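Chains A and B supply the protein sequences, listed in that same order.
Here full-length UniProt numbering is used: the first residue of the first sequence is 1, the next is one more, and so on.
Here full-length UniProt numbering is used: the first residue of the second sequence is 1, the next is one more, and so on.
Please note that a few of the clues may not be correct.
Pairs count within a copy or across copies, as identical chains cannot be separated in the list.
Derived DSSO-like pairs (lysine-lysine); straight-line CA-CA distance at most 27 Å [to be verified]:
{"hint": "1", "residue 1": "K327", "residue 2": "K81"}
{"hint": "2", "residue 1": "K327", "residue 2": "K41"}
{"hint": "3", "residue 1": "K41", "residue 2": "K294"}
{"hint": "4", "residue 1": "K18", "residue 2": "K108"}
{"hint": "5", "residue 1": "K297", "residue 2": "K81"}
{"hint": "6", "residue 1": "K108", "residue 2": "K199"}
{"hint": "7", "residue 1": "K294", "residue 2": "K69"}
{"hint": "8", "residue 1": "K108", "residue 2": "K178"}
{"hint": "9", "residue 1": "K69", "residue 2": "K297"}
{"hint": "10", "residue 1": "K69", "residue 2": "K327"}
{"hint": "11", "residue 1": "K199", "residue 2": "K81"}
Hints listed in this document are in silico derivations from the structure and should not be mistaken for laboratory results.
Owing to the predicted nature of the structure, the values given are computational and were not obtained by experimental measurement.
There are 2 protein chains.
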Amino acid sequence: MQFDLLTTDPASKARAGKLTTDHGVIETPIFMPVGTVASVKGVHQRELREDINPDIILGNTYHLYLRPKMDILQRAGGLHKFMNWDRPILTDSGGYQVYSLSNRRKIKEEGVRFKSHVDGSMHLFTPENVMEIQRQIGADIMMAFDECTPYPCDYRYAKRSMHMTHRWLDRCINHFNKIPALYGHEQALFPIVQGSTYKDLRARSAEYIANAGAFGNAIGGLSVGEPAEEMYGMTEVVTAILPEEKPRYLMGVGTPINILENIALGVDMFDCVMPTRNARNGMLFTAHGSINIKNLKWEDDFSPIDEMGITWVDTEYSKAYLRHLFKCHELLGMQIATIHNLGFYMWLVREARKHILAGDFSTWKEKMVKQMDNRL
Amino acid sequence: MQFDLLTTDPASKARAGKLTTDHGVIETPIFMPVGTVASVKGVHQRELREDINPDIILGNTYHLYLRPKMDILQRAGGLHKFMNWDRPILTDSGGYQVYSLSNRRKIKEEGVRFKSHVDGSMHLFTPENVMEIQRQIGADIMMAFDECTPYPCDYRYAKRSMHMTHRWLDRCINHFNKIPALYGHEQALFPIVQGSTYKDLRARSAEYIANAGAFGNAIGGLSVGEPAEEMYGMTEVVTAILPEEKPRYLMGVGTPINILENIALGVDMFDCVMPTRNARNGMLFTAHGSINIKNLKWEDDFSPIDEMGITWVDTEYSKAYLRHLFKCHELLGMQIATIHNLGFYMWLVREARKHILAGDFSTWKEKMVKQMDNRL
Numbered sequence: 001m002q003f004d005l006l007t008t009d010p011a012s013k014a015r016a017g018k019l020t021t022d023h024g025v026i027e028t029p030i031f032m033p034v035g036t037v038a039s040v041k042g043v044h045q046r047e048l049r050e051d052i053n054p055d056i057i058l059g060n061t062y063h064l065y066l067r068p069k070m071d072i073l074q075r076a077g078g079l080h081k082f083m084n085w086d087r088p089i090l091t092d093s094g095g096y097q098v099y100s101l102s103n104r105r106k107i108k109e110e111g112v113r114f115k116s117h118v119d120g121s122m123h124l125f126t127p128e129n130v131m132e133i134q135r136q137i138g139a140d141i142m143m144a145f146d147e148c149t150p151y152p153c154d155y156r157y158a159k160r161s162m163h164m165t166h167r168w169l170d171r172c173i174n175h176f177n178k179i180p181a182l183y184g185h186e187q188a189l190f191p192i193v194q195g196s197t198y199k200d201l202r203a204r205s206a207e208y209i210a211n212a213g214a215f216g217n218a219i220g221g222l223s224v225g226e227p228a229e230e231m232y233g234m235t236e237v238v239t240a241i242l243p244e245e246k247p248r249y250l251m252g253v254g255t256p257i258n259i260l261e262n263i264a265l266g267v268d269m270f271d272c273v274m275p276t277r278n279a280r281n282g283m284l285f286t287a288h289g290s291i292n293i294k295n296l297k298w299e300d301d302f303s304p305i306d307e308m309g310i311t312w313v314d315t316e317y318s319k320a321y322l323r324h325l326f327k328c329h330e331l332l333g334m335q336i337a338t339i340h341n342l343g344f345y346m347w348l349v350r351e352a353r354k355h356i357l358a359g360d361f362s363t364w365k366e367k368m369v370k371q372m373d374n375r376l
Numbered sequence: 001m002q003f004d005l006l007t008t009d010p011a012s013k014a015r016a017g018k019l020t021t022d023h024g025v026i027e028t029p030i031f032m033p034v035g036t037v038a039s040v041k042g043v044h045q046r047e048l049r050e051d052i053n054p055d056i057i058l059g060n061t062y063h064l065y066l067r068p069k070m071d072i073l074q075r076a077g078g079l080h081k082f083m084n085w086d087r088p089i090l091t092d093s094g095g096y097q098v099y100s101l102s103n104r105r106k107i108k109e110e111g112v113r114f115k116s117h118v119d120g121s122m123h124l125f126t127p128e129n130v131m132e133i134q135r136q137i138g139a140d141i142m143m144a145f146d147e148c149t150p151y152p153c154d155y156r157y158a159k160r161s162m163h164m165t166h167r168w169l170d171r172c173i174n175h176f177n178k179i180p181a182l183y184g185h186e187q188a189l190f191p192i193v194q195g196s197t198y199k200d201l202r203a204r205s206a207e208y209i210a211n212a213g214a215f216g217n218a219i220g221g222l223s224v225g226e227p228a229e230e231m232y233g234m235t236e237v238v239t240a241i242l243p244e245e246k247p248r249y250l251m252g253v254g255t256p257i258n259i260l261e262n263i264a265l266g267v268d269m270f271d272c273v274m275p276t277r278n279a280r281n282g283m284l285f286t287a288h289g290s291i292n293i294k295n296l297k298w299e300d301d302f303s304p305i306d307e308m309g310i311t312w313v314d315t316e317y318s319k320a321y322l323r324h325l326f327k328c329h330e331l332l333g334m335q336i337a338t339i340h341n342l343g344f345y346m347w348l349v350r351e352a353r354k355h356i357l358a359g360d361f362s363t364w365k366e367k368m369v370k371q372m373d374n375r376l
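Bound conformation, chain A alone:
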């Protein structure tokens, strides 16, 4: 695996790069659509490849571990083959889902004992077995097992948790190096900076993570309810410390505006359920602001969903038709909105990259942030 930093924007810390994996090249900055349980919800693999066209998607270790379970994934030859997706995949470590989804969980130094949200069965995630699970999934980029602290989080808890995340990282790296990749392609392990919303903790964590010397680094524990300004503040502290020459992944972020602001702070990779989840609720993101397609005002608006026509659905269907589908709870409504939103997110990061390469990212970003901060 290789990361080439191509350009840095003169007026911000935005970067354009190229991440080369055994499953293909990822041009950064990039947004990774979330394919939770081996499916980007409501989207065919063909549409993902040909219409949305992301360089990489994300899978969730917690979900895949519970269904279809590891023996099935391994017999299928890994997640790529199971779901028929031959471009790069990143998997999270399961940590975040364990905290947010399991019925009951107990965090100890050893790891996290939790109850499945599917059938109530008891399971244990440790830094070691999470490395094994991600080897079995076969993601190109694996994430270290961490604790994602909630917001707000008191200082003492945040500090203690951060140190445990660091100790878990050492165990992850140790075990990751011991066990081989299973499917013939290289896998990289990204450690995760924690430290809640405390600048001193974030700085200490970033130093610890930078020292681990991993191929790429991630920022976790943000986008959990804190104000955007606080998120940007933390990103700024962390990207100032993380090595320049390695890719940086901000986990779980965010709105189109959040993404542009964090690109300006030196982040290269993003993932978020927002474009897909909000799509299923009838919310569309566009270059001129967001649309709640269920609003009465669209009832007789027979204009295309989005005149920009980034993906084919934008001009194939009208706003009135899409609104009708949502009012009738038709599956097709969710399908259309999902393709639209993911297409828009991909367009946004690709445009950002173009402007970074052209040297005018910051002025473009300011214009876009203003433009997108609208409800249509």
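Following the hints, put chain B in place on chain A, whose structure we already have.
Just chain B, lined up with the frame of chain A:
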């Protein structure tokens, strides 16, 4: 509009024909996917056009009347434009849905007063306003307003109801001829044979309907719970009476086997929610029998969904993957199964047509009926 009868099978009453409408040619026998409320559930219009490729689809008057309502459809320029589908559309008369879906309904000579299943509002369908509604929808083929009797149905009720359906037909034709088409394309009106499962009533109704001299004729009130043999018996009585040179549409039928048997009895057109509804429940139809994809036996079957590869989904995804999607209630599972089933239904009627034209329909049909009568 024009119907050309091309061939009749030497060993059965199966026919191959060609129905020419202002929105294109329909090669019969044909299956019409059901697009209830301006959407074939779970299928993009692009997939419908390019992958499933039916010559005609069906819309439901009752559903469209309630949502998006007639003023929206009319301002959109009719259903074709509203949903962006430029091939032929057939609409039912709303009668069947009024009986099966509305909370409360009262049938009188005037028409049917019913309560919307959406918001409880009260409405009246009459032979006259159902003609107006279908003019506003703009379907290429409109259906007469009828009463669809339940199964079983006592003889006196069936007889009385049949006569009312005949009187309603006269009112439909009268009103249909008075009001113009709205969107510049021709619309045909098909009357419907009723008479429950009584041969004498079916014969009388078929004679009445034949005498109406419509462009095409339909058989209603079947596929409502009666045994298949009883259905075939009724179809046989009716097709012996309906004019040879006009298309015949058997409403709401059915399984792949039902369709082949009724083609053998001289039916040209079919519609049914079975391929789409069963798909959403994980049931797949194939040339070698049906599959309940949720069964444990498919858990580690990494072979393609259907080796025949009629539509691209059949070879894009494995049985194990599709099963996993259904076990996780993922939207994509329903989407894949729907494309598969509709693709299979289209393949089946197209193959039937080829064999009718080749003169070996009956032997092919016997083989297929045996083959498809399996659970895989």
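Legend entry - Numbered hints the structure breaks, given as an ascending list: Of the numbered hints given earlier, those the structure breaks are 4, 11, listed in rising order.
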